[in-house]
Amino acid sequence: MSTVLEEQEVIPGEERWVKLKARLLAAKPELESERARIITQSYKETEGEPYVIRRAKALRALLEQMTVLIGEDELIVANRSKKPRAVPVFPEMSYDWIEKELDSFETRPVDPFITPESVKHELREIFPYWKGKTVYDKIVSQFTPFHWHLLGSNVLWIDNNMYNGMGHILPDFPKIIKQGFKGIRDEILNKLEYLLINEPKNRAKIDFYNAALIVIEAAVSFSKRYSKEARRLVSITSDEVRKDELELIAQICEWVPENPARTFHEACQSYWIAHSICFIESDGMSISPGRFDQYMYPFYEKDIREGKLSKKRAIELLECLWIKFSELVEMFQEEWAYTASGFPMGQNLILGGQTPDGSDATNELSYLCLEVTERLSLPQPNVSVRLHRWSPKEFVFRACETSRHGNGMPEFFNDEIIIPGLMNRGIPLQDARDYAVVGCVEIGIPGRTEANSNPAYVNLAKILELATNNGVCRLTGEKVGIDTGDPRHFETFEEVTEAYCKQQEYFVRQLIPLCNLMERVHTEFVPTPFLSTMISDCIEKGLDVLDGGARFNFTSPQGVGIANVADSLSAIKKMVFEDQKVSMDCLLQALDENFLGHEDLQYMLKNCPKYGNDEDYVDQIARNVGRWYCLEIEKYRNPRGGIFQPGLYPVSVNVPLGKTVGATPDGRKAKIPLADGVSPSHESEKRGPTAVFKSVAKLDHILVTNGTLLNMKFHPRALDGRNGLLKFAALINTYFGLGGLHVQFNVISAETLREAQIHPELYRSLVVRVAGYSAFFTELYRELQEDIISRTEHGEV
Amino acid sequence: MKGIIFNIQRFAVHDGPGIRTLVFLKGCPLHCHWCCNPEGQKSEIELSYVINHCRLCGRCEAVCDQGAINIIEKRVLIRRDLCDLCGNCVENCLSGALKIVGKQVDVETVLDEVKRDEPFYRYSGGGLTVSGGEPTLQNNFLVELLKGAHQEGFNTAIETSGFCKWENIESILNIVDHFLFDVKHVSDEKHKMFTGVSNKIVLENLLRLIHKGVNVIVRVPLIPSFNCDEDDLRKIMSFLSEFLKKGSQIHLLPYHRFGLPKYDHIGDDNKMVLFEKINKSHIERATQIVNEFNFIANVGGS
Chain A
1 MSTVLEEQEV
11 IPGEERWVKL
21 KARLLAAKPE
31 LESERARIIT
41 QSYKETEGEP
51 YVIRRAKALR
61 ALLEQMTVLI
71 GEDELIVANR
81 SKKPRAVPVF
91 PEMSYDWIEK
101 ELDSFETRPV
111 DPFITPESVK
121 HELREIFPYW
131 KGKTVYDKIV
141 SQFTPFHWHL
151 LGSNVLWIDN
161 NMYNGMGHIL
171 PDFPKIIKQG
181 FKGIRDEILN
191 KLEYLLINEP
201 KNRAKIDFYN
211 AALIVIEAAV
221 SFSKRYSKEA
231 RRLVSITSDE
241 VRKDELELIA
251 QICEWVPENP
261 ARTFHEACQS
271 YWIAHSICFI
281 ESDGMSISPG
291 RFDQYMYPFY
301 EKDIREGKLS
311 KKRAIELLEC
321 LWIKFSELVE
331 MFQEEWAYTA
341 SGFPMGQNLI
351 LGGQTPDGSD
361 ATNELSYLCL
371 EVTERLSLPQ
381 PNVSVRLHRW
391 SPKEFVFRAC
401 ETSRHGNGMP
411 EFFNDEIIIP
421 GLMNRGIPLQ
431 DARDYAVVGC
441 VEIGIPGRTE
451 ANSNPAYVNL
461 AKILELATNN
471 GVCRLTGEKV
481 GIDTGDPRHF
491 ETFEEVTEAY
501 CKQQEYFVRQ
511 LIPLCNLMER
521 VHTEFVPTPF
531 LSTMISDCIE
541 KGLDVLDGGA
551 RFNFTSPQGV
561 GIANVADSLS
571 AIKKMVFEDQ
581 KVSMDCLLQA
591 LDENFLGHED
601 LQYMLKNCPK
611 YGNDEDYVDQ
621 IARNVGRWYC
631 LEIEKYRNPR
641 GGIFQPGLYP
651 VSVNVPLGKT
661 VGATPDGRKA
671 KIPLADGVSP
681 SHESEKRGPT
691 AVFKSVAKLD
701 HILVTNGTLL
711 NMKFHPRALD
721 GRNGLLKFAA
731 LINTYFGLGG
741 LHVQFNVISA
751 ETLREAQIHP
761 ELYRSLVVRV
771 AGYSAFFTEL
781 YRELQEDIIS
791 RTEHGEV
Chain B
1001 MKGIIFNIQR
1011 FAVHDGPGIR
1021 TLVFLKGCPL
1031 HCHWCCNPEG
1041 QKSEIELSYV
1051 INHCRLCGRC
1061 EAVCDQGAIN
1071 IIEKRVLIRR
1081 DLCDLCGNCV
1091 ENCLSGALKI
1101 VGKQVDVETV
1111 LDEVKRDEPF
1121 YRYSGGGLTV
1131 SGGEPTLQNN
1141 FLVELLKGAH
1151 QEGFNTAIET
1161 SGFCKWENIE
1171 SILNIVDHFL
1181 FDVKHVSDEK
1191 HKMFTGVSNK
1201 IVLENLLRLI
1211 HKGVNVIVRV
1221 PLIPSFNCDE
1231 DDLRKIMSFL
1241 SEFLKKGSQI
1251 HLLPYHRFGL
1261 PKYDHIGDDN
1271 KMVLFEKINK
1281 SHIERATQIV
1291 NEFNFIANVG
1301 GS
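Residue numbers (the numbering used here), protein chains in the order written: chain A, 1 to 797; chain B, 1001 to 1302.
No lab work stands behind these hints: they were computed from the structure. Every value quoted in this text rests on a predicted model; they were computed, and no experiment measured them. Quick reminder that beta carbons are idealized off the backbone N, C-alpha and C, glycines included. Warning: the hint list may mix true and false statements.
Here are the simulated lysine-lysine pairs, DSS-like style, with alpha carbons at most 25 Å apart [unchecked claim]:
id: 1; chain 1: A; residue 1: Lys606; chain 2: B; residue 2: Lys1190
id: 2; chain 1: A; residue 1: Lys686; chain 2: B; residue 2: Lys1200
id: 3; chain 1: A; residue 1: Lys19; chain 2: A; residue 2: Lys311
id: 4; chain 1: A; residue 1: Lys686; chain 2: B; residue 2: Lys1245
id: 5; chain 1: A; residue 1: Lys686; chain 2: B; residue 2: Lys1099
id: 6; chain 1: B; residue 1: Lys1115; chain 2: A; residue 2: Lys698
id: 7; chain 1: A; residue 1: Lys686; chain 2: B; residue 2: Lys1115
id: 8; chain 1: B; residue 1: Lys1002; chain 2: A; residue 2: Lys606
id: 9; chain 1: A; residue 1: Lys541; chain 2: A; residue 2: Lys201
id: 10; chain 1: B; residue 1: Lys1103; chain 2: A; residue 2: Lys606
id: 11; chain 1: B; residue 1: Lys1002; chain 2: B; residue 2: Lys1074
id: 12; chain 1: A; residue 1: Lys581; chain 2: B; residue 2: Lys1099
Below, a sample of chain A positions facing chain B; criterion: calculated Cβ distance under 7 Å [as the list claims (entries may be wrong)]:
id: 13; residue: Tyr603
id: 14; residue: Met604
id: 15; residue: Asp614
id: 16; residue: Gly688
id: 17; residue: Thr690
id: 18; residue: Leu725
id: 19; residue: Lys727
id: 20; residue: Ala730
id: 21; residue: Asn733
id: 22; residue: Thr734
Calculated Cβ distances over 10 Å to all of chain B for the following chain A residues [claimed, not checked]:
id: 23; residue: Glu15
id: 24; residue: Val110
id: 25; residue: Leu233
id: 26; residue: Lys312
id: 27; residue: Glu334
id: 28; residue: Gly641
id: 29; residue: Arg687
id: 30; residue: Pro689
id: 31; residue: Asp720
Whole structure, please, built from the sequences with the hints as guidance.
Written as structure tokens, this is what we have:
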């Protein structure tokens, strides 16, 4: 961490990224109304037209009217807001919460936003138009009282798709870079011509193609506005060096993304403009660059070979681009901000791995990206690496070195589990080998998958509560689940797990139509024609990506609290049925009374075998809990012709979900956070990281195709020097050899974090990974900070 | 074959190559003033009480047949003269404040635990390190344990004070891949004063071991006011330079006080002697001196 601070002390003016980063850190998140104003005007003008056309015209209006901004020293340009780290409003998704919280955004304890009076005023004028028109309104208008009752159970958390766009996708950026939008336009024109002759009555397809043409033209002209702006700045800039830079920007933005990129710089710019427009079209999060080192390498290699590009310049361009990623910020309602605090954007950029033909994919650019990630130490992009059995040793070491540096990146992913997992979902080998990651740990095939990766969380700990309380919520006394029998009459442990599985089956069965209902609203009212031009086979099929245009389709809800359920079941098995140290009656009474006056029992429960200590007794239960969830989820189908698939990661929703769960038989008191991802419960791991890795690897990761998430935290001392690096790499290799899917590391000390709590001003650039993404530590709210600190430290001096 | 151990620690990364499992054997003939494992000194099992974990529930007091436990002034007082180490209190201590330190175990049980991290050894070149106490004190057990580990194909190491009969060392020559050998001081007088024993046999054993051509890494605990002065360190290095190859690794283990609470836990009256805290300049100077003698200093071990 100290190195990060030292970097801050570099005298400004020395390197471009230092200046850019300083400016970035100085920019406070701010709410703005420009997007809301433009889109509202456009929607008013297009009433009565098909929604896909309205969406296209709205995006065109935005791209034609938004402020274009070229910041000082920038080499890569395009913004989605008037200022860096400002947040546009998407009233077509939802606005009630913004209206309600307008006056508190600035002062709220978590993720505050500057909210100028003029912005408040304008938004208040705009919002009434949207009443009844938003995605949120359309969804809830279809809810029955039963739906509300179901959501009141706190088992299902479905807010993601209710308030925001779906996002979570890997667009085909290489296609844009290589062919330019011109190429895609030709493709569409061909399809349209054929359609008009052969299926002239297929209005929906024709509309889709027309919409796609509108947004492509708009994207091209958006870039040209940047070209014009650069030329304007040339005319008023006195600095000769900057003049040249601006002239170059002008030329590049004139050429790409309309035409195929010819240089590395053009490729970077073409990529960034396409990426930015995705985030302007919809407020879906985690739209991810994917295999950046793969699609950029040919441009890098050619420029270097032809002497047009120096390595130094390439690094500088990467640095400029990395800064842009962190300029994108997302705003959530206060309640929800607690689940994903730190303004996360989930732009996952993945390096290494295999090529579709099964060769090692690592290249020079993979290393440069790690270098830049390490030096800039920013929360975005969310850099990941793919490892396979024959990944070059040096690449593994380099990745470990970056991770050890302390900003929690890269995340590590295991090809040997993910590829067979994808094939188990029916994805052909060559596609599976080309996978990348969306957001935190969600897996997709770039340019070919719509996996609706984050539609819902299923609170597994709550399900256990209902299974041990005959469907009654322990906190409210309300019957929210189904009858599974009075547990006091259970005679075997198996009856407990049967009750658990039945409650789970019930809730998952209720979740499916909810997810599908939400999806259909998105499909109908907020199609994404721009995104669809970058996903195969949308153009081929003439279908929006939200309407089944993608080649591979999934819906992917997450299970949360697997460690709590496993530990609880283990305690019940041991204490109630095997050792008979406590009756079910006494146990349930203690849970009802939140262990008050039952402290002895609480300790006994805490002393039962716990997941994370390499004990088969409980690890096998954890494996079962994971498998039950996966096998339940994958039974069902979505409206896009795909299936549901499971994930086991929580972002940081384990904190609020924990608040809704009463005391649990693992000895956890009511309302305490649940364990995160597939990590063991806090403080229950007692045998160090190797035991954690072994326990976690016993889960059936191959089934979890939407990703598992393991958070490990290391004291830097344990990983010192070259020897430490070897051991670090061995640890990851072993975990992956044992069958783990993902791991990420926090290489920091608790002391540092406490210090940062006391003196946040000294640690402005301290980056900490919170469950799957990175954030500035000082911008997290206190409870989450504590959560991070309390995660058991490994390898302490 | 049974022995008494007081801990097994997985994911040890500073005690030999790779990722290792450390097995601590109980009992030590030395009483180093800076000892951070006081619970490893006595050969017999001991009752340990960690006040931080105690919730003063009184269960221990109630179950003690000997009347050896009283709760006075918000802490458990143990009359060790009355305690017969029956373990009743420990069984009833739910918060884990009371523990029996030391467990009689057979070699197979220890090996089973060591085997658990076998996959990590395979990737990292790690294995088993036997530490203590002084492991050679339980020589038969040590031999069986190391033999067993070797048969499993694990890399083996021991951490020794070198204070033992040469025969003991000789008996493990072929089953130890790395000897991590403490050299605390070359002055016999100082050695006696601070560890309770003479260093003669230690240095003799070291010479013979090196002569055998086995893999020896000398470890020097850096203890301020004991061996941290330039003069002391130079003497140690100068002694080593006579027979240790140039380029050999020397582990410098900086003094720390993490063992301090343990003295309280086991009710050891011989409180840890508090030395001055070690600082960066101590370590830098020591490193420099080691390098002057053409050895490679490794701070903290690896």
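- Message: Of the numbered hints stated earlier in the document, which are not met by this structure?
- Response: 1, 2, 4, 8, 11, 18, 29, 30 and 31
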